[in-house]
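With the hints as extra help, turn the sequences into a complete structure.
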Amino acid sequence: MSTTRETDDMDAEGQVVSWLQQHPDFFQQHEYLLDDLLLPHPETGAAVSLLERLVERQRKRLARQDHQLDNLLKAARENERVVLSMHHLALELLGCRDLDDVVATCRDLMCSEFDADNVVVRLIGRGNSHDSSLHFIDPDDNALKMMSGLLQKRQPVCGRLRPKQQVFLFGENSAEVRSAVLIPLFEARTMGMMALGSKREGRFQPGMGTLFISQIGHLVSRALSLHLETVLQPAKSSGT
13 MSTTRETDDM DAEGQVVSWL QQHPDFFQQH EYLLDDLLLP HPETGAAVSL
63 LERLVERQRK RLARQDHQLD NLLKAARENE RVVLSMHHLA LELLGCRDLD
113 DVVATCRDLM CSEFDADNVV VRLIGRGNSH DSSLHFIDPD DNALKMMSGL
163 LQKRQPVCGR LRPKQQVFLF GENSAEVRSA VLIPLFEART MGMMALGSKR
213 EGRFQPGMGT LFISQIGHLV SRALSLHLET VLQPAKSSGT
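Under this note's numbering, think of the first position of the sequence shown as 13, with each following residue one higher.
These are computed hints drawn from the structure, not numbers from a lab.
Computed from a predicted model, the values in this text were never measured in an experiment.
This list has only true hints and no planted wrong ones.
Simulated crosslink set (EDC-like; lysine to aspartate or glutamate; CA at most 20 angstroms straight-line):
| id | residue 1 | residue 2 |
| --- | --- | --- |
| 1 | 72 | 82 |
| 2 | 211 | 184 |
| 3 | 176 | 150 |
| 4 | 86 | 127 |
| 5 | 176 | 153 |
So, in structure tokens, the structure goes:
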């Protein structure tokens, strides 16, 4: 019996809601009812009139809109800052004279402009001098296999790297890296990778956008390609 009554009450309630939605001017024609409708205040629990409740709802709605607008403005300012930083990076890369200069520029600007604590550039190949070889990973190095999946996708990866990957990239500084982004470097072929590490766990997050990061990768790749062939050892022929 009680179940039937509850069902009837729910049906009646639904009908009232539907009817009011179809007649939004009902209370305008019967304003006296507004004074008799009492609702608990959302914060104090005290009974208030419908008009007071509507005013409170409007205030909260406006507060939410203000908060959303603030977030949009912050995002716009951050995007503007990143665009200016990328412009600065592009200009500096254009002025680089050799491979070492490109790598040094990346390290300096990724730290100063993009809030990274550690920056590593690793290129696939064999350098023809001791100094240039510091940037290179031998193509036959087994450690390179753990990065092959990330490099093949040619998409930046943000968040936490696997412990072995982190040690491979950041070496003795790997313990202080709490979040990282791996940026594949490529044009026609894969040239290597640039990794940015941060001491802050939330600096590079898996869900963050990678549009600007990808563009940084393209800028760095182009700058590297201009100097890469001058420091690479010739590839070994199959007959040797």
